[in-house]
Amino acid sequence: MKLRLPLILCFLCGIFMIVQFFVPPFTGVYDKLLNWVMIISIPALVIGLTSLIKLHSTRIIRKTPNMPYSIVAFIAMITMALMGLIGGTGENTGFEWMFKHIQVPMQATMFSLLAFYIASAAYRAFRARTLEATLMLVTAVIVMLARVPIGNFLWHLIMPDSNLPEQVSSWILNVPSMAARRGIILGISLGAIATSIKIILGIERSYMGAGE
Amino acid sequence: MSFWEKIGSFDRRYIFALIALTVIVPLLIPIGMPITTTNEVKSVYDYIDALPPGSAILVALDFDPASLAELYPMSIAILKHAYTKKIKVIGMTLWITGASLGDVVMREAAQGIAEQDKDYAYLGFVPSGAVAIMRMGQDISAVFNVDYSGKPISQVPVMKGIKNYKDISLVVDLAAGSTPEAWIAYAGTPHHVPIAIGVTAVSAVGYYPYLNARQIIGLIGGMKGAAEYEKLIQARGTASAGMDSQSMTHIAIILLIIIANVSYFVIRRKNKKVIET
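Protein sequence lines correspond, in order, to chains U and Y.
Mapping to numbering that gives the first Met the number 0: the first sequence position 198 is 197, numbers consecutive.
Mapping to numbering that gives the first Met the number 0: the second sequence position 250 is 249, numbers consecutive.
Incorrect hints may have been included.
As the list claims (entries may be wrong) - Here are the simulated DSSO-like pairs of lysine-lysine, each with C-alpha atoms no more than 30 Å apart in a straight line:
no., chain 1, residue 1, chain 2, residue 2
1, Y, Lys-41, Y, Lys-117
2, Y, Lys-84, U, Lys-99
3, Y, Lys-41, Y, Lys-165
4, Y, Lys-117, U, Lys-99
5, Y, Lys-150, Y, Lys-162
6, U, Lys-31, U, Lys-197
7, U, Lys-53, U, Lys-99
8, Y, Lys-165, Y, Lys-84
9, Y, Lys-162, Y, Lys-117
10, Y, Lys-159, U, Lys-31
11, Y, Lys-84, Y, Lys-150
12, U, Lys-31, Y, Lys-165
13, Y, Lys-117, Y, Lys-85
14, Y, Lys-165, Y, Lys-150
15, Y, Lys-117, Y, Lys-84
16, Y, Lys-85, U, Lys-99
17, Y, Lys-117, Y, Lys-165
18, Y, Lys-150, U, Lys-99
19, Y, Lys-162, Y, Lys-84
20, Y, Lys-85, Y, Lys-162
21, U, Lys-1, U, Lys-31
22, Y, Lys-159, Y, Lys-117
23, Y, Lys-150, U, Lys-31
24, U, Lys-31, Y, Lys-162
It is worth saying that the hints were derived from the structure and are not from the lab.
Just chain Y, same shape as in the assembly (with noise of 0.2 Å):
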């Protein structure tokens, strides 16, 4: 067996062992990649800083610990951003294994800056996602009559006054799923509500037309994202941290591809010479 032809059959194990390298040695030896912000992150990022305080803001957390590495960065990120600028946050999921992660995202991020049911509330899981979201452009309380923690709504102080969409200036959905195509036709749509989305890497490519359609305002797609919109709030934080590994194994896979290339024209040449003689 030639060279080329020992590269283009590699043992996987050696690629699994270079992957964990790459992952691993960054977040040891952190090499500070400079972070640049994109238009559609500072889009959301000065839609949030321009609110004035005391607005309030529906915040979707609909994903599950699947995708906590890419989701629950930005997700700290934003609501940290609008608890220190005095905006309500309403909290909920359309995921049910996301009520609980959703629950503690709401409580570690408001650590030291925000208080439960003053500035925030968590309302837990509702089947039916889109539904649901048609009938809270209604009546939230028909929705959510008690929040995730069983108090009705109607004595949490930080709903006071908030009945639907009307009373709502922004819907962010941080999604590992298709939720926020629902967010947009049944809320966005038809309610007129603004609506911001952070996505998985993965998927949001999919999400573009939507952007350039305006019936989103801005897009935070994974761990880039989140890291730019902890750039923006000066609060560095995983993402920020995971960017180093992720830029290294986006260049450890890139090499790969590469010399798994070389290695196939150079077989595919050498075949054919011994086929011409």
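Isolated chain U (complex conformation) (with noise of 0.2 Å):
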């Protein structure tokens, strides 16, 4: 029963939330299934926080060698979390002051640096070495030239009256790009079904823990 009842629940509630589609009257039904759904990802937050501080703990308790970075994860926490709780998250709090003077600086610096990676990477990666290489190597150009305005300024120095970059540009994404995008999103939709129908019919049950 133990393994039987979540497999019935499942079933049940894939079956209900398929027919619910095509049969208006379920409305009621169909809002409170999804009320009940949002209900039950909220202890997901607290399942990720008690875990973050399971992980960081364990570390200061073992003296990792990451000890000081757990160490300071722990007082941003707790000091942004009193900061919130006493001050409120509103106009002109503590909490305002050091998100937009310490966490945005820092997330922004840290995904700006991928800029410096990818142009260290591009040259030292990006080869001509086959023709498929040699392809991808001349869209990219097209495309990075083509989707800032000095590739326009550039060649409208040569042809003032073409736009044959943006032209070219927008062919390479509304065509061959587009079409291996689709092919891409048909397949995940595809394989989306199938999983969702093998674990409504319970022939997928990793959901229910390892090893079942």
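Combine both chains into one complex, guided by the hints.
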């Protein structure tokens, strides 16, 4: 029964969610089910927080080499939580100040570093070794140039009345790139449908725990 | 080691320095590159511009500070456009790290042109993304019963008469992740509410199928898209300023790729000759 009950619940909920899509009178039940899902997802945040605390406290207790980072993580977490709980999260609060002047620049900096690594990686790895690599290289250069103002600016110096880089870039994005992307989306969607059916019918049971 | 071999194994710190220069110098000495507008951005502008005053749009600020450089300017531009057109704006986020950011963005865009609660409302963060989008199709207040400041949304004047997507003229998702797909699938398609999206340049390519299938009315991609929107509303902002840097960086990367490939072919030819002899 311990195994069967979740399978039966999953089957009933899955079938109901499919049926309700075509039967309007079920809207009330549908709304209730959505509320349940939202309520269930909130404890997930608590679980995430608990797991974070557990991970960092273990590192501190065991004095691992990365212990100082865990201490910083703890201090940051507790400070932000206290700031929010005591002073609120709105305008001109300590929480907002810390968010705007510490978290925002730090996260933006981390992401900005990508530009440097991409440039370095492109220099080292982007080589026209094969026909496929050459095609990718040429396409990337065209799109890179056409998607920034300097591409058109340089082209207009040669041919003032032509918008060829933009047209070529637009064609690349709207025809070959889109065709590939559509294929990927269709593949993912068919895979998701197949997996959903397997879950509803109880064939796929990995959500109940490893080895089940 | 020959000249080309030295070039091929260039110390990456020089590349970092070059990229830093191409980013910083144009910001200090702007070139003022002409920005051309694309149809995908103009269609978002045209749609919002044609909305009658008093219409309501839902702006989902689904991003965090990491993608601020690209998504902040487009958020400000769209919000300013809506506020000046006297369109009601309902802001929210599906990203927990975007909750405070959304509040800041809504307030900054409103400075001097719109008033909180009267012209716009910020509802804050809600977990369980796709399910929340689905539930909002029936009743927004079932998902957000209070706004970000904790005020019941029944007491927020701008929310008066807005129950679900039927009362929303447009959903704009400004996203750093895959939330546009959820908005399209669970709000746009079943509830027939028009969707416009603004995403980072790296993920813009992935949304062209939706644009082509008219599942979204427009697409603002990266800083370039934001700069185009700034041009359309005639308010030069951080994206327009960043275009010079981005242009120079792209040129620098292209030149680096060309140099690296020349080096690769010269060395390959040399090695071939050595093997033959």
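Against the structure, the hints:
no. : hint                    : result
1   : Lys-41(Y) / Lys-117(Y)  : 28 Å, holds
2   : Lys-84(Y) / Lys-99(U)   : 29 Å, holds
3   : Lys-41(Y) / Lys-165(Y)  : 25 Å, holds
4   : Lys-117(Y) / Lys-99(U)  : 25 Å, holds
5   : Lys-150(Y) / Lys-162(Y) : 17 Å, holds
6   : Lys-31(U) / Lys-197(U)  : 25 Å, holds
7   : Lys-53(U) / Lys-99(U)   : 28 Å, holds
8   : Lys-165(Y) / Lys-84(Y)  : 20 Å, holds
9   : Lys-162(Y) / Lys-117(Y) : 17 Å, holds
10  : Lys-159(Y) / Lys-31(U)  : 24 Å, holds
11  : Lys-84(Y) / Lys-150(Y)  : 26 Å, holds
12  : Lys-31(U) / Lys-165(Y)  : 20 Å, holds
13  : Lys-117(Y) / Lys-85(Y)  : 11 Å, holds
14  : Lys-165(Y) / Lys-150(Y) : 23 Å, holds
15  : Lys-117(Y) / Lys-84(Y)  : 14 Å, holds
16  : Lys-85(Y) / Lys-99(U)   : 28 Å, holds
17  : Lys-117(Y) / Lys-165(Y) : 20 Å, holds
18  : Lys-150(Y) / Lys-99(U)  : 23 Å, holds
19  : Lys-162(Y) / Lys-84(Y)  : 22 Å, holds
20  : Lys-85(Y) / Lys-162(Y)  : 20 Å, holds
21  : Lys-1(U) / Lys-31(U)    : 25 Å, holds
22  : Lys-159(Y) / Lys-117(Y) : 10 Å, holds
23  : Lys-150(Y) / Lys-31(U)  : 24 Å, holds
24  : Lys-31(U) / Lys-162(Y)  : 17 Å, holds
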